[in-house]
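Based on the provided sequences and hints, a complete structural model is requested.
For the sequence shown, full-length UniProt numbering begins at 1 and goes up steadily by one.
Note that these hints are calculated values from the structure, not bench results. Ideal Cβ positions, reconstructed from N, Cα and C, are used throughout, including at glycine. There could be a bad hint or two in this list.
In silico DSS-like links for lysine-lysine, alpha-carbon gap of 27 Å or less [as the list claims (entries may be wrong)]:
| no. | residue 1 | residue 2 |
| --- | --- | --- |
| 1 | Lys515 | Lys243 |
| 2 | Lys289 | Lys28 |
| 3 | Lys173 | Lys447 |
| 4 | Lys610 | Lys160 |
| 5 | Lys432 | Lys247 |
| 6 | Lys411 | Lys199 |
| 7 | Lys15 | Lys123 |
| 8 | Lys290 | Lys314 |
| 9 | Lys266 | Lys687 |
| 10 | Lys413 | Lys159 |
| 11 | Lys199 | Lys432 |
| 12 | Lys24 | Lys72 |
| 13 | Lys23 | Lys119 |
| 14 | Lys198 | Lys515 |
| 15 | Lys247 | Lys290 |
| 16 | Lys183 | Lys123 |
| 17 | Lys60 | Lys75 |
| 18 | Lys157 | Lys23 |
| 19 | Lys273 | Lys499 |
| 20 | Lys244 | Lys115 |
| 21 | Lys240 | Lys215 |
| 22 | Lys331 | Lys314 |
| 23 | Lys60 | Lys26 |
| 24 | Lys273 | Lys361 |
| 25 | Lys499 | Lys183 |
| 26 | Lys186 | Lys671 |
| 27 | Lys24 | Lys289 |
| 28 | Lys76 | Lys39 |
| 29 | Lys15 | Lys76 |
| 30 | Lys39 | Lys73 |
| 31 | Lys173 | Lys610 |
| 32 | Lys290 | Lys331 |
| 33 | Lys159 | Lys173 |
| 34 | Lys314 | Lys413 |
| 35 | Lys289 | Lys270 |
The following label-pair restraints were derived from C-beta to C-beta distances [as the list claims (entries may be wrong)]:
| no. | residue 1 | residue 2 | range |
| --- | --- | --- | --- |
| 36 | Glu615 | Thr397 | 53 to 63 Å |
| 37 | Ile657 | Gly200 | 42 to 52 Å |
| 38 | Glu188 | Thr311 | 29 to 39 Å |
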Amino acid sequence: MADYLVIVESPAKAKTIERYLGKKYKVKASMGHVRDLPKSQMGVDVENDYQPRYITIRGKGPVLKELKSAAKKVKKVYLAADPDREGEAIAWHLAHSLNIDEDSDCRVVFNEITKDAIKDSFKQPRGINMNLVDAQQGRRILDRLVGYNISPLLWKKVKKGLSAGRVQSVAVKMIIDREEEIKNFKPEEYWSIDGVFKKGQETFEGAFRSLNAEKVSLPDQSSVDDIMKRLNSDEFMVSKVQKKERKRNPALPFTTSSLQQEAARKLNFKARKTMMVAQQLYEGIDLGKKEGGITGLITYMRTDSTRLSETAQKEGKEYITNHFGEEFLGKGRKTKKNENTQDAHEAVRPTGAARDPKSLKALLTRDQYRLYKLIWDRFIASLMAPAIMDTMTVTLTQNGVEFRATGSKVKFKGFMKVYVEGNDDDKKDKDKLLPDLEEGTIVKSQKIEPNQHFTQPPPRYTEARLVRTMEEKGIGRPSTYAPTLDTIQRRGYVTLDNKRFVPTELGEIVLDLVKEFFPEVIDLDFTVKMENDLDAVEEGDTNWVTIIDNFYQDFEKRLERAEEEMEKVEIRDEPAGEDCELCGHEMVYKMGRYGKFMACSNFPECRNTKPILKEIGVDCPKCEKGQVVERKSKKRRTFYGCDQYPDCDFLSWDKPIARPCPKCESLLVEKKVKKAVQIQCTECDYKEEPQS
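This is the structure in structure tokens:
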């Protein structure tokens, strides 16, 4: 019979921990929260200091019964939920349900699921931290007051199934604001003059920089012509040579945000998938008896800190010294802490530096291996020496016209031997060499070519870019990024087009209503202030009831006004422009679980449905009558054609975009270039910078 009961959230975590603790401990899983606010009603008493009414979550009765039974048979119960606000709240709810004194030493926390970390945590149990619990309660109650008051209004005035929340509404607003920027963007012309030069058999590139040592911009062709007129031969003199040694520092270890961003860039993972796979690595992988059985491979993955423990640094440095040599060892550098950083946990890192990805590859799934390798590489690289680059800048002069050529060579790889942030070593970090040039040397130009350019609109948000922006602006916290992106897509407020967020009509309607009647909910400053206030609750500097009350007093008045003044928005079924082939009634567009489809308006008498061709908002450039739609070939390859086919046979394998070429007014299309997308003209040589 066990002497102690340990309660964690998940069965996988329970299995790992039980093996470390031995026979005196029985470890069981609560399967997450056991109590929460009721789904069917508000569950918050606004007349009594916003006190929550918690109930046992439906389906958790048997789990709770089993835990209560197990608790009666042991000397002591330990609550070992995750080491964050949510975990502290789970522990508090369990203490309440099992009649455990919250001030007793019932709480154990650990940042990694390894034998030493688990055993150390049980040597220093503590009481439940009510500041953490109150911060979580404050967020939960605030979000309930917003969601359960605004959502019914939206159901009544727009359609059922909608919701509005603090963080999700701000995220939708950011996406819609960006779309407006793109629509209103007016390209501005500018030019460059690029040259190819030769010394002996070696060629190199340079670009116009200045005139008579003063930097000159080239806004139009006439300014280019003025420069070109001054060039009267193919001979240029090397007027200046600068050689420097430049250091390039490694990226810091991963936070939740930077992990999601890098996994999106390098592994093509959505934020939700990144967190799911990271959870598996954290809770433990069976490495076999020889390697210690089930072991947590990474530290806790919800963190905004880049801090590393002394033990982790020591292990990492030992690995670097043994496998690469002492010259690759970094000296360590101080990191600047962001004002929004809570710094409650370490960075996301491997629990053992010696467990390199290659040694674990056979034991991990493909996704687990790829994410673990990313985390391990980043951790090891962060402790390595900077890369040293030899750089060379050369100024070439003729008649006062100055071109500049730059080159660089990796002198010492340092951390780049293991990892480079955001791109592959062999694609973007190649040496760009210049010939050995000295001042006074004469080189010859092979080609001097003016090029017209236009400024680019800001890019749409990818998941990585949106997470980064939310983090920079202080919107949400590590645990909220992935759920927020998931929610705004499930609600139909935004869609992903070519991995970039595009707002839907429904998203714009809902945002306009929230903007008109509840402007604070989508106000960025308000959202950031609220996050900071909740952090202050966690630190014990303020009371959660005060924060909620300050918000709710004005919010309640806005609710009353919205109930009276918000007009009903009728979203009628949009005619599909064709009749049902079964009964002759008009076909309409409907929104289903997997997106839009066509259905007969004579439903339920006629249940005819069929998929629709996805419009992309571009008029057909050939017949000018139809719309360009997305189609699928027999081999399921996407292409674009006119919806007037067979009367119009326009076809493009590249996706057309709505704006015309600023140079010749022809059709612009999106072409995939390696891992990026480049907008190009179908008629002239106009190209825009690729967007990753």
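Next on the checklist: If you test the structure against every hint from before, which numbers come out violated?
Outcome noted: 1, 3, 10, 14, 15, 16, 18, 20, 28, 30, 31, 32, 35 and 38
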